[in-house]
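Take the sequences, apply the hints, and build the full model.
2 protein chains.
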Amino acid sequence: MGKTKGNLAIGQSGGPTAVINSSLCGVIHEALAHDEIGEIYGMFRGIRGLMDDQFLDLRRQSAEVIDGLRRTPSAALGTVRYKVNPEDYERILEVLKARNIRYLFYIGGNDSADTSLKLHRLAAAAGYELHVIAVPKTVDNDLYGTDHCPGYGSAARFVATAVRDTGRDTEAMGPVRPVKVVEIMGRNAGWLTAAAALAREEKGDAPHLVYVPERPVSVEQLLEDVQCCYDEREHVVIAMSEGAQEAPGKTFGEEYAPTEVDAFGHRMKGGVSDFVASIVKGRLGLSARIDKSNYLQRSFMVCASPIDLEEAYRVGRQAVKEAVAGHLEGLVTLVRDPGPEYHCSVGLASLKDVANKEKKLPADFMNEAGNWPTEAFLSYARPLLGDPWPPIPYVRLAKYFV
Amino acid sequence: MGKTKGNLAIGQSGGPTAVINSSLCGVIHEALAHDEIGEIYGMFRGIRGLMDDQFLDLRRQSAEVIDGLRRTPSAALGTVRYKVNPEDYERILEVLKARNIRYLFYIGGNDSADTSLKLHRLAAAAGYELHVIAVPKTVDNDLYGTDHCPGYGSAARFVATAVRDTGRDTEAMGPVRPVKVVEIMGRNAGWLTAAAALAREEKGDAPHLVYVPERPVSVEQLLEDVQCCYDEREHVVIAMSEGAQEAPGKTFGEEYAPTEVDAFGHRMKGGVSDFVASIVKGRLGLSARIDKSNYLQRSFMVCASPIDLEEAYRVGRQAVKEAVAGHLEGLVTLVRDPGPEYHCSVGLASLKDVANKEKKLPADFMNEAGNWPTEAFLSYARPLLGDPWPPIPYVRLAKYFV
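For the record, the sequence lines run as chains F and Y.
The first sequence lines up with residues 1008 to 1409 when you count with our numbering.
The second sequence lines up with residues 1008 to 1409 when you count with our numbering.
Hint data in this document are derived by calculation from the structure and do not stem from the laboratory.
Careful: at least some of the hints might be erroneous.
No distinction is drawn between identical chains; accordingly, a pair holds when it is met within one copy or between any pair of copies.
[Said to hold, decoys possible] EDC-like cross-link-like pairs, simulated, lysine to aspartate or glutamate; straight-line CA separation at most 20 Å:
no.	residue 1	residue 2
1	K1359	D1154
2	K1210	D1344
3	K1012	E1348
4	K1257	D1095
5	K1257	E1365
6	K1210	E1241
7	K1406	E1046
None of the values given here were measured: they were computed from a predicted structure.
Written as structure tokens, this is what we have:
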């Protein structure tokens, strides 16, 4: 190890996904190929692990375990929600120096990019050479600077699978239990909810209505939409973003939602589906049911998208390459190549340009009524689910009545 | 068709499952092999379809569609929740006669067995020759007379998969979000909830606590269990039956539950997980989260158990064989063969012995504390999930701290 320039620390942050360990595996695999890198430290539970000097020795792990990360959901290093404060800077710098950490990788979403940027600035101000590269991860898909985020494709695949199946269930129940409200993650962005639309193979398939935070619809409009769908086919499946709004800034059923706030000041979502089910029942007299699969959306491994798993691994490897090539800071990005066949290249954005921003669904990704994604969105999202989609072909009996 | 004795009607009833169409396919395939059977009518939405003389002509369906039923979840004929009343008898008999229906198959659970028994008695009283065979179906697994019910294995596989994955998610969050409550279907029986325990591969894996309706535990005991698990590993995953009780006859958090009642007078379940999450937070100060995947439990096709799919098909075929052999009434049953290798034979129980009963978890299927299933249960349930279980091998990083 004559050429060793320093040690590496890698952490995972925020909500886990089905593929975040695939990125971890990519970082480790690439790190093992570079003599510049000495020890490979895994921060136990993100930045808090660094501050507490709690690291796992990743060089001691067996090759089988490292490889197995590519098919293991959730965050193997443990994760954290912690907002780094100026009071923490001294301690962070102390550990970085004591451990001679020169390469730092942080896998996460918006808040993690913010943390990475702070670490970069902190090191730069102290004149301590540190390469900080953020690795994108979030099922919400709301990171700036990248075509999409690893984690999104797998969550989208789960959501589309779930809506397709619960849609068949609702269809069979017909007028007995005609309305199903499926509550979908995504915070203030509708990317994941919009992906539910990929469940539809033919006209009339679930979902029938899709509501996202970017396009507020009034309670009256929503009820009108539901009634209209019901009149058409006697059942209605609604894909409802946990952050769907009845007016700009006002989430549906805010009064039902928990009041908990996380370390970054984000109010916890939830309650939207309960509210919608209750007004559908109360105002339209239609029996409504709810699916709230919550954490399964980000962890359900049998629905992981093969493309997502591969890209997650690739951005992990790329992060190490960028650091070793000399970049002091950045977020690895996915850049969609032009052309009919889906393919992404990898790139690097400056953390300054991406941290503390939320990428919302563009206006042209939703229809005018605000209740269905456009073909532009569907073309964007479809390849991210991976092949084959749908996973299993279904049939319907022809309506040959006697 | 010189030997034709009459026509066949087949219906689906109650909550759909991932494999109920597999049974439908079995009935149709077997029916096509018997010259005694003339027309093959599908009741549109169960017994209501019969009463309304709404039948699909199943002989006109393509072979591809019929075969495709084996991989299509939910009830392709449409389903119903309707309790047959004496006032309906005349109309039912009228349609049976008008359509010359002599073979009647009803795929469903307890309530459907009750309907089948009524149809049998009605026909017998009227001196109308009718062969009524019920085909077992319920994710609740609470039917008498059969080792288990088609639908259960697939739902159990989904539940175990979900708990395994959300368990990894909870583990990664650690003390940040330490408690996860997974609410599981099953009405008044704990079969499906207990199957969550199959998610555990090694000591410490989720789930950590399993509560079923058959074994009430007090709020104090539950909180003590949760605290104890938390102290051990800083996170706790609870598999909670929707009908779990804090005292005999008193469901946890009844005050949170909807008051809706179905056609059979069963009160809708729900609210248990919200209640448990709120007391865990309020009393123990531990942040708790909920997964309530509801209808995905009975419809999620990528988690269908291969064995369950095959058995569901088999009981469908068997029902026709029993009817053609001359039986006037019965429920097709699965009978587990003795021996180390799992295999079930098919049998026939009298509807009189199985209708209007609920098969609960036997006492020796739960441990003394009432918070974990015994090895007797695990041995019973494991083969029903089908191979390979678990579907994907996961890894964990060795805790080599630097």
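Cross-check of the supplied hints:
1. K1359 to D1154: within (17 Å within a copy, 63 Å between copies)
2. K1210 to D1344: neither (31 Å within a copy, 46 Å between copies)
3. K1012 to E1348: neither (41 Å within a copy, 58 Å between copies)
4. K1257 to D1095: neither (35 Å within a copy, 50 Å between copies)
5. K1257 to E1365: Within. Shortest intra-copy distance 18 Å satisfies the 20 Å Cα cut-off; inter-copy 46 Å does not.
6. K1210 to E1241: within (14 Å within a copy, 48 Å between copies)
7. K1406 to E1046: Classified as between; 16 Å across copies, 66 Å inside a copy.
Going down the numbered hints, you'll see the structure goes against 2, 3 and 4, while the others check out.
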